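Based on the provided sequences and hints, a complete structural model is requested.
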Amino acid sequence: MPPLLSEIRTHWLPKQGHTPDEYEDATAPPVAAADGTVRAALADGATESAFAGAWARTLVEEFTGSDVTVPETFAESIHRTRRVFGGRIAEHATDLPWYAAAKAEEGAFAAFLGFVLYPNGAWRAVAVGDCCLFHLRGGACLTTWPLDDPADFGNRPDLLGSRLDVSQPDAQTTSAQWTAGDRFLLVSDALAAYLLAHDPAAATGLDAEAFVAFVAGARADGMRNDDVTLLELVLRPQLR
Amino acid sequence: MPYSAEISRTSPAAVLFLLDQSASMGDPFGGAEEQGDAAPSKARVLADTVNRLLQNLILRCAKEDGVRDYFSVGVIGYGERVQPLLRLTDEMLEEEGEVAVVPGVAELVPVSALAERPLRLEERLKRVPDGRGGFTEQRAKVPVWFDPEARNGTPMCQALDYATQLVRRWVNLHPRSFPPIVLNVTDGEATDGDPLRFAQTLREYGTDDGETLLLNVHLSSSTEPAIELPDTIEGLPDEHARQLFQMSSTLPFSMRAAAEAEGYAVGLDTRGFVFNADPVALIRFLEIGTRPSTLR
Chain A
1 MPPLLSEIRT
11 HWLPKQGHTP
21 DEYEDATAPP
31 VAAADGTVRA
41 ALADGATESA
51 FAGAWARTLV
61 EEFTGSDVTV
71 PETFAESIHR
81 TRRVFGGRIA
91 EHATDLPWYA
101 AAKAEEGAFA
111 AFLGFVLYPN
121 GAWRAVAVGD
131 CCLFHLRGGA
141 CLTTWPLDDP
151 ADFGNRPDLL
161 GSRLDVSQPD
171 AQTTSAQWTA
181 GDRFLLVSDA
191 LAAYLLAHDP
201 AAATGLDAEA
211 FVAFVAGARA
221 DGMRNDDVTL
231 LELVLRPQLR
Chain B
1001 MPYSAEISRT
1011 SPAAVLFLLD
1021 QSASMGDPFG
1031 GAEEQGDAAP
1041 SKARVLADTV
1051 NRLLQNLILR
1061 CAKEDGVRDY
1071 FSVGVIGYGE
1081 RVQPLLRLTD
1091 EMLEEEGEVA
1101 VVPGVAELVP
1111 VSALAERPLR
1121 LEERLKRVPD
1131 GRGGFTEQRA
1141 KVPVWFDPEA
1151 RNGTPMCQAL
1161 DYATQLVRRW
1171 VNLHPRSFPP
1181 IVLNVTDGEA
1191 TDGDPLRFAQ
1201 TLREYGTDDG
1211 ETLLLNVHLS
1221 SSTEPAIELP
1231 DTIEGLPDEH
1241 ARQLFQMSST
1251 LPFSMRAAAE
1261 AEGYAVGLDT
1271 RGFVFNADPV
1281 ALIRFLEIGT
1291 RPSTLR
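Chains as they are written, first to last, in this note's numbering: chain A, 1 to 240; chain B, 1001 to 1296.
Rather than coming from a laboratory, the hints here were simulated on the basis of the structure. Just so it is clear, the structure is predicted and the values come from calculations on it, not from any experiment. A portion of the hints provided could be inaccurate.
Here are the simulated distance ranges between beta carbons [said to hold, decoys possible]: (1) Glu7/A with Arg1120/B: 54 to 62 angstroms; (2) Arg83/A with Thr1010/B: 37 to 45 angstroms; (3) Thr1010/B with Val212/A: 15 to 23 angstroms.
For every residue, glycine included, the Cβ atom is placed at its ideal position computed from N, Cα and C.
Structure follows, in structure tokens:
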């Protein structure tokens, strides 16, 4: 557990009717660097691309293991991540049927949210697409970012592609200050849209069983059937 | 809301193409001769377009572990006779085993079976970015499922009737699915009766999610500009165009969104219909018509 944090909860479920190995979101548990900076990330692989789950996993692993602290270095880090990913799938890329070869050539796509907590009281986030960050204090939600309206979740979010020769959409960035005891939620799109229309605080402090029940209730209540992922980070209650 | 059913392996959608193969399809598109081009025939352009669409539909369903059966696809040609151009043979049915083959509807082929069994793979040269701002040519294998044909009349009524039989069996087996999408491409008037009545019967079959969608594309034989996605019968040039307009369904929400993304102004009354289409309008329209909703 990184020293800044007192609790970490990672929850995920595949789309209803899908198996766990068809789940294509990815989270990386927060990692603390030597200077105490904590990085966490969430990515949502696009259903219509192949190797989307693997691309999402590579994105979050590379981000939390990186030294990216400012948005300006993000584009550079994605270039490196693409090389890592290219190496990983190259070994699968022999003797593929025509459709798999074409699909591998198109590359994989994912929405991405990276989050960085600094020991000095600041936090930053970087995003491409519709994975969302919720900043909660007490029972109140201070920030939802980059989207803050359930109506903004379309079927065509910006996505990061895995191909080296394809330009990437500009990443959005934001930053603010944290206080002891704050909570941050990193949430993939369907659940984020649902929480924006309801109460984000309802998704805090859930154990595994409660999360499954929460998602079942949300789906029955009209939440889009999608992979769902929730990473909850709780900051230590004592003063820094 | 109708036309919002999720498309998934447990709730697949059917896409059925009806392709005019009458003798006039052997001519080039309207205007092409006047321009002095060595223009390919309408039949050739149509076969290439639909083969490429089938390829794209499969690619949308392809994952690293194989092709997921979100769709079953049929292609019916009508000209010298009305015949399925894709069909699972008994041997293929046996091999498929567990795959979601619809009993008794061998003319609607699950995309996974389609992916494994093109008629042939053609090697084509493809222009791709070379990463240095220019282009380079790359060999790519392109699947082909059927070849062009152009003979005899335009038995559109028979084709619509054939489609109705397939659709009726499909919706009985998938009562909660997104309704079947039927895309009819023709360059002339029916030679076997009044197709409007057959179109209405076809559209009446549906699922809990809505009536069967019938979209019509008329291929040009003149230099007049295309009339794309009209929302009123007013101003259509002739009786044939008005008839095709009346045969066509209004676009559901997801296809209106796809049309808007292509730059069309659409509304609630917009019909899935293009009159006097050139090859570009044909491709754009069929792309929109095969975007029923997001895959799950």
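Against the structure, the hints come out as follows:
| no. | hint | verdict |
| --- | --- | --- |
| 1 | Glu7/A with Arg1120/B: 54 to 62 angstroms | holds (59 angstroms) |
| 2 | Arg83/A with Thr1010/B: 37 to 45 angstroms | holds (38 angstroms) |
| 3 | Thr1010/B with Val212/A: 15 to 23 angstroms | holds (20 angstroms) |
Violated hints: none; the structure is consistent with every hint.
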